[in-house]
Amino acid sequence: MAHHEVTFPITDPADILKLRAGDEVTVQGHIIGIRDRTQIRIFDQGVEPPMNLGGAFLLHTAPNVRKVSEDAEGRGTYEKICIGTTTSARMVRFTEGLGEQYGVRAICGKGGFPDVAIEPMQRLGMVYFAIVGGAAALETTQIEEIEEVLWEELMPECLWKFRVKDFGPLIVGIDAHGNSLYHDVQARAHEKLKELYARL
Amino acid sequence: MSTTTTTDLDGAVEDAAAHLYVWALKDIPQDLRDALADARDRETSKTGIRILETIHRNVSIADEQKNLVCQDTGIAVYTCRVGEHFPLHPTRIYAALKAGTARATVEHPLRSNTVHVLTRENTGPNIGYRLPIVHWDFIPDWDGLDVKCVPKGSGSENMSFLKMCIPADGVVGIKKFVLESIVDAGGKPCPPGIVGVGIGGSADYAMYMAKEAIARPVGTRNPDPLVAQLEDELYGLLNETGIGPMGLGGDVTVLQCHIEHADTHMTLNPVAVNYQCWAARRASAHIAADGSIDFDREF
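Going down the list, the protein sequences come from chains A and B.
Going by the working numbering, the letters in the first sequence line up with residues 1 to 200, in that order.
Going by the working numbering, the letters in the second sequence line up with residues 1 to 299, in that order.
If we strip away everything but chain B, and leave its shape as in the complex, we get:
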């Protein structure tokens, strides 16, 4: 019988966060590696092939030298799925995630990116007021905790777009806005990456869903067949724009297009776009109620 106290659980969550942050930065997921290899096989422009081969070489060097894939250690964004019987309150989970983020930054050391939004002065080891960012889901009849860490780089995050389309704009309006956003982003977000789209809900929720979409395993599809069909269509259309790797022209502009949706008000038709660069870093762990950590459980 487990005698784990909540203090041990605090430590387990902090350890998990510290490990996930560095792990995500160094070892990109297999589904992303496969998508990048596929991109290299599909690309026909000479410059595009050169870029995709360089990306491949970079990932190999990061593996061999256990170095960061990209220098931008990002803003740590966590998604937590908390079981209703998990014996640590979310306020404590948040504190532990923050402590883990700071510890990883100091111990590695990692570049600290966080600044006060007005003074632009650094606020500490990748933590600050309301940082890191944590999104919450609560799961009934469960005593576990899943944590996913997405270190989100600024080059791609700066390429975030929201449009409050109107109902009369229809689905065509949604498609046009996504296409126009990715063309205007050009090479800035390090294409080819993952286009996350949030549709429906409200303005804030659409953008949250777009962020949720970029954090899915590459190439997964929305369970709603209508939305999945839109993912396929937009993926095809985006790759016809010719923006190409690093915006220097080519066949592969995006690795994937993922869409999350919510029902909405009858007069709303919000569309949010959040871009994730080719170095689409993410790592996840499961923490059991007894404090044991399983780093092999993807979600």
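With the rest of the complex left out, here is chain A:
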């Protein structure tokens, strides 16, 4: 189980290709918070995201925040209260579009993606990072600042730009080489179920 440190957004695809399912990763730089409604707006309602997602790391989140000020155009500034990560599987159908149309290279959430994500992630050079779900108090300490909030009307499912330091631990759940820990664990568990059923 190798350990890597990666800074996002990435410019070199090799930063993703070197990661293997099961490796541990610590992330630096900037990450983008995104959720169900944010992606429904982009892909189902056809609204272009007002942010460059090239080489980006997306986090499945809807944070607890406090609004501290508002500028002349009504754009808010927010400070963190508690920021954690939601279940990814609900958003799997957006994976291909995020990678192909917008150049997203990493998606981070909890619980994993089903097997349908494996092929596009391999083809497009993307990776899925598993965070420890529920560990939001820790995650909050690793987010230094909320730098930008777009689509505030979707609160809390806005587009969030966070600056992070030592973000992790993250486990590579699905790599860009066709490997998925979730697939492997499910395959073994279904084999095991046959054995358990025989004992009942």
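It is worth saying that the hints were derived from the structure and are not from the lab.
It is possible that part of the hints are untrue.
Stated by the list, open to error - In silico DSS-like cross-links for lysine-lysine, where the CA-CA straight-line distance does not exceed 27 Å:
hint	chain 1	residue 1	chain 2	residue 2
1	A	Lys161	A	Lys18
2	A	Lys161	B	Lys26
3	B	Lys66	A	Lys194
4	B	Lys26	A	Lys67
5	B	Lys46	A	Lys194
6	A	Lys165	B	Lys163
7	B	Lys66	A	Lys165
8	B	Lys26	A	Lys194
9	B	Lys148	B	Lys66
10	A	Lys165	B	Lys46
11	B	Lys163	B	Lys176
12	B	Lys26	A	Lys80
13	B	Lys66	A	Lys161
14	B	Lys46	A	Lys192
15	A	Lys80	A	Lys165
16	A	Lys67	A	Lys192
17	B	Lys176	A	Lys192
18	A	Lys67	B	Lys66
19	A	Lys67	A	Lys80
20	A	Lys192	B	Lys163
21	A	Lys18	A	Lys80
22	B	Lys46	A	Lys18
23	A	Lys80	B	Lys66
24	A	Lys67	A	Lys165
Given the coordinates of chain A, assemble chain B onto it according to the supplied hints.
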């Protein structure tokens, strides 16, 4: 002699709800802490140990910084045990619980999760039509009120399953359905958590009992020895599936399996599964007829 009016009692119930909601989100119960420590000691997979250690670190940070353990402030689900002589009618208790939930959400502030089911537009500070959810028990010959608050996160609530097994499926059918449900849930509900199972009754009541089961102190057993035996057996079997912490493989898939049961129709055999994530938050209080609140009385 107490001169408390019902208006004071309204306030006491509202205060209790506001405190319980935030308290539950920040300070997980000792029995759960013990179960998580035990899980860390039992786990042998490298990734699983790393995850369980991170959970431990997270709980410590939440304690130190008085922050929420998990960002999902959930749907507030209350269980009330109302004494027949408690001097505040349940309609007023409900209004006070709703007011307390909203107040805690605004004052902290907490993320508001509640939306209209069709428009998906936010309906207010964690309240809405028929929200929060309150379950009621009525206790004869008593003048107190017990309130338990379970902020139920969506990641685990989405992993709820119901099967109307038939009598010929027997107990084996019940066991298979619980096993298959937890394997299919995989990492989505933040394992290792508490598997709540409701058996018997009707479709709706089985699911209610499954929710009741996840809200019990971790590791408690059903008073019926036959059901308790099934809890032990399923707990063992579930931990053989290898799903592991966060669904990334390992020895500890569940912290516990709790079962609630009811007698049922001769042709029914309902099985409901409700999952509670590792951050199995709950907090309870006792409110006396004079409006005094005791936050140390667990139920």
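Broken hints, by number: Failing hints, ascending: 3, 6, 8, 16 and 21.
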